[in-house]
Amino acid sequence: MAWTTPRTWVTGELVTASMMNTHIRDNLNVLRNHASASYTCDEPADYQTTSTTFVDVDSTNLSLTITTTGNPVLVHFDGTVWSYGTGYYAYFDVDIDGSRLGGDDGLVQQSGNTVIPVSFTRLVTGLSAGSHTFKLQWKSDGNATYHPTLYAGAGTTKHDVHPQFWVWET
Amino acid sequence: MNDIVGMKTSDKVSKVWDVHVDRKGIVNLAALENALRAELKDVVGVSTGPCGVRVHLGHEPTPEEIKLVRGVLQKHRDNAQTAEQQAFQARRERIAAISSKPWDALTAAEREQVLRLLYEQFIYQETGKLPPQTAG
Chain B
1 MAWTTPRTWV
11 TGELVTASMM
21 NTHIRDNLNV
31 LRNHASASYT
41 CDEPADYQTT
51 STTFVDVDST
61 NLSLTITTTG
71 NPVLVHFDGT
81 VWSYGTGYYA
91 YFDVDIDGSR
101 LGGDDGLVQQ
111 SGNTVIPVSF
121 TRLVTGLSAG
131 SHTFKLQWKS
141 DGNATYHPTL
151 YAGAGTTKHD
161 VHPQFWVWET
Chain L
171 MNDIVGMKTS
181 DKVSKVWDVH
191 VDRKGIVNLA
201 ALENALRAEL
211 KDVVGVSTGP
221 CGVRVHLGHE
231 PTPEEIKLVR
241 GVLQKHRDNA
251 QTAEQQAFQA
261 RRERIAAISS
271 KPWDALTAAE
281 REQVLRLLYE
291 QFIYQETGKL
301 PPQTAG
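Going line by line, the protein sequences match chains B and L.
Counting from 1, one number per residue, gives the positions in the first sequence under my numbering.
Counting from 171, one number per residue, gives the positions in the second sequence under my numbering.
Quick caveat, the hints were computed from the structure, so don't treat them as lab data.
Be a bit skeptical, because a hint or two may be false.
When the alpha-carbon atoms are kept at most 30 Å apart in a straight line, the in silico BS3-like pairs for lysine-lysine are as follows [unchecked claim]:
#1 B:K158 x L:K194
#2 L:K194 x L:K237
#3 L:K211 x L:K194
#4 L:K237 x L:K211
#5 L:K299 x B:K158
#6 L:K185 x L:K237
#7 L:K245 x L:K185
#8 B:K158 x L:K185
#9 L:K245 x L:K271
Over 10 Å on every C-beta distance to chain L, these chain B residues come out as not near it, computed from the model [unchecked claim]:
#10 L31
#11 E43
#12 D46
#13 Q48
#14 T53
#15 T68
#16 H76
#17 L123
#18 L127
#19 A144
#20 T145
#21 Y146
Label pairs and their computed distance ranges (CB to CB) [what the hints assert, rightly or not]:
#22 L:E234 x B:L31: 35 to 45 Å
#23 B:S119 x L:A267: 55 to 65 Å
#24 B:P72 x L:A208: 16 to 26 Å
#25 L:A278 x B:T121: 30 to 40 Å
#26 B:D42 x L:D192: 48 to 58 Å
#27 B:V115 x L:F258: 40 to 50 Å
#28 B:H162 x L:I196: 29 to 39 Å
#29 L:A208 x B:L31: 14 to 24 Å
#30 L:R193 x B:T133: 18 to 28 Å
#31 B:N71 x L:I196: 39 to 49 Å
#32 B:T121 x L:Q283: 27 to 37 Å
#33 L:A266 x B:G155: 22 to 32 Å
#34 L:K194 x B:V115: 23 to 33 Å
#35 B:D42 x L:Q283: 36 to 46 Å
For each residue, glycine too, the CB sits at the ideal point set by N, CA and C.
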């Protein structure tokens, strides 16, 4: 259902059921039913990568498709990551329909030889009305020994936490 | 194991091709990547997760290369350690050997071990890597 520019009502005009359904019922439904999708991880295994190029964290579960009406979209991720230490980073980005939102080294990065929460919320503008796919992506610094881990509710001792990825049309 | 080859445009500039292997269980990423790099060119990295193992390549793999990937995964044992991992393991064993004693009870050789460990810790914190290991 698409948004219709609200009518300018004129004194004395006949208000029909069709007008009311289009400008009141349908538009209120559009406002109420924001296109959205989300996924909260509770996986049998945590995620790890040694990739030095951005790749999907999980092309099945952390890939969300919504059909929008052309409004800006909020994209959010929160999770807990362990990187090995000084100078070794995990980088995160969001791929939208084949193009990364952040570009360069992504939206956020994490480092520190400890367990650190990673979170971002971004407002994405300029998307046309229609279907869009949002994929959470990441990369590491490239040393295979010092690769990052994204905990995914896999029961890892003291790190059984659950990241979430969602998209929401405003 | 299932192999699925997918081409992704995952960067504004570069492309990555994935070979997906439905292997569950623990994977020693560092050792696995080393083994893959010994057999294949253009290995961008390896990822693991609930859906199995994905080997990321900078080119579209041939059927022979997909078989190579499958072969490396079949041979992979998660307790196989890289040289760096062995160095970390040896370091943990050295710490464990002396950590049960107070400083006054340490021998001269054990105190030298402590100095070596502090040196390694300092280098690791400053550079992110352990210094080269010496024999003994």
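Right, here's what the structure says about each hint:
1. B:K158 x L:K194: holds, 22 Å
2. L:K194 x L:K237: holds, 18 Å
3. L:K211 x L:K194: The hint holds at about 25 Å.
4. L:K237 x L:K211: holds, 14 Å
5. L:K299 x B:K158: holds, 26 Å
6. L:K185 x L:K237: At roughly 21 Å apart (the allowed maximum being 30 Å), K237 (chain L) and K185 (chain L) satisfy the hint.
7. L:K245 x L:K185: Measuring from Cα to Cα gives roughly 28 Å; hence the hint holds.
8. B:K158 x L:K185: With a Cα-Cα distance of about 36 Å, the restraint between K158 (chain B) and K185 (chain L) is violated, given a limit of 30 Å.
9. L:K245 x L:K271: It is violated: about 42 Å lies between the C-alpha atoms, which goes past 30 Å.
10. L31: Given that every Cβ of chain L is farther than 10 Å from that of L31 (chain B), nearest at about 34 Å, it holds.
11. E43: Since the minimum Cβ distance to chain L is about 4 Å, E43 (chain B) lies within 10 Å and the statement is violated.
12. D46: D46 (chain B) not clear of chain L: closest Cβ-Cβ about 7 Å, inside 10 Å.
13. Q48: Its Cβ does come within 10 Å of chain L, the nearest being 5 Å, so this is violated.
14. T53: violated, 5 Å
15. T68: Given that every Cβ of chain L is farther than 10 Å from that of T68 (chain B), nearest at about 21 Å, it holds.
16. H76: holds, 20 Å
17. L123: holds, 20 Å
18. L127: holds, 17 Å
19. A144: Given that some Cβ of chain L is not farther than 10 Å from that of A144 (chain B), nearest at about 4 Å, it is violated.
20. T145: It is violated; T145 (chain B) is separated from chain L by about 4 Å at its closest Cβ, not greater than 10 Å.
21. Y146: Since the minimum Cβ distance to chain L is about 7 Å, Y146 (chain B) lies within 10 Å and the statement is violated.
22. L:E234 x B:L31: 35 to 45 Å: violated, 56 Å
23. B:S119 x L:A267: 55 to 65 Å: violated, 41 Å
24. B:P72 x L:A208: 16 to 26 Å: violated, 48 Å
25. L:A278 x B:T121: 30 to 40 Å: Taking Cβ atoms as reference, A278 (chain L) and T121 (chain B) lie about 58 Å apart, which means the hint is violated.
26. B:D42 x L:D192: 48 to 58 Å: Violated - the Cβ-Cβ distance for D42 (chain B) and D192 (chain L), about 20 Å, lies outside 48 to 58 Å.
27. B:V115 x L:F258: 40 to 50 Å: This hint is violated: roughly 18 Å between Cβ atoms.
28. B:H162 x L:I196: 29 to 39 Å: Given a distance of about 21 Å, which is not inside 29 to 39 Å, the answer is violated.
29. L:A208 x B:L31: 14 to 24 Å: violated, 58 Å
30. L:R193 x B:T133: 18 to 28 Å: holds, 26 Å
31. B:N71 x L:I196: 39 to 49 Å: Given about 44 Å between the Cβ atoms, the range holds.
32. B:T121 x L:Q283: 27 to 37 Å: violated, 49 Å
33. L:A266 x B:G155: 22 to 32 Å: holds, 26 Å
34. L:K194 x B:V115: 23 to 33 Å: Holds: the Cβ-Cβ distance is about 24 Å, inside 23 to 33 Å.
35. B:D42 x L:Q283: 36 to 46 Å: Taking Cβ atoms as reference, D42 (chain B) and Q283 (chain L) lie about 44 Å apart, which means the hint holds.
The structure shown violates the earlier hints numbered 8, 9, 11, 12, 13, 14, 19, 20, 21, 22, 23, 24, 25, 26, 27, 28, 29 and 32.
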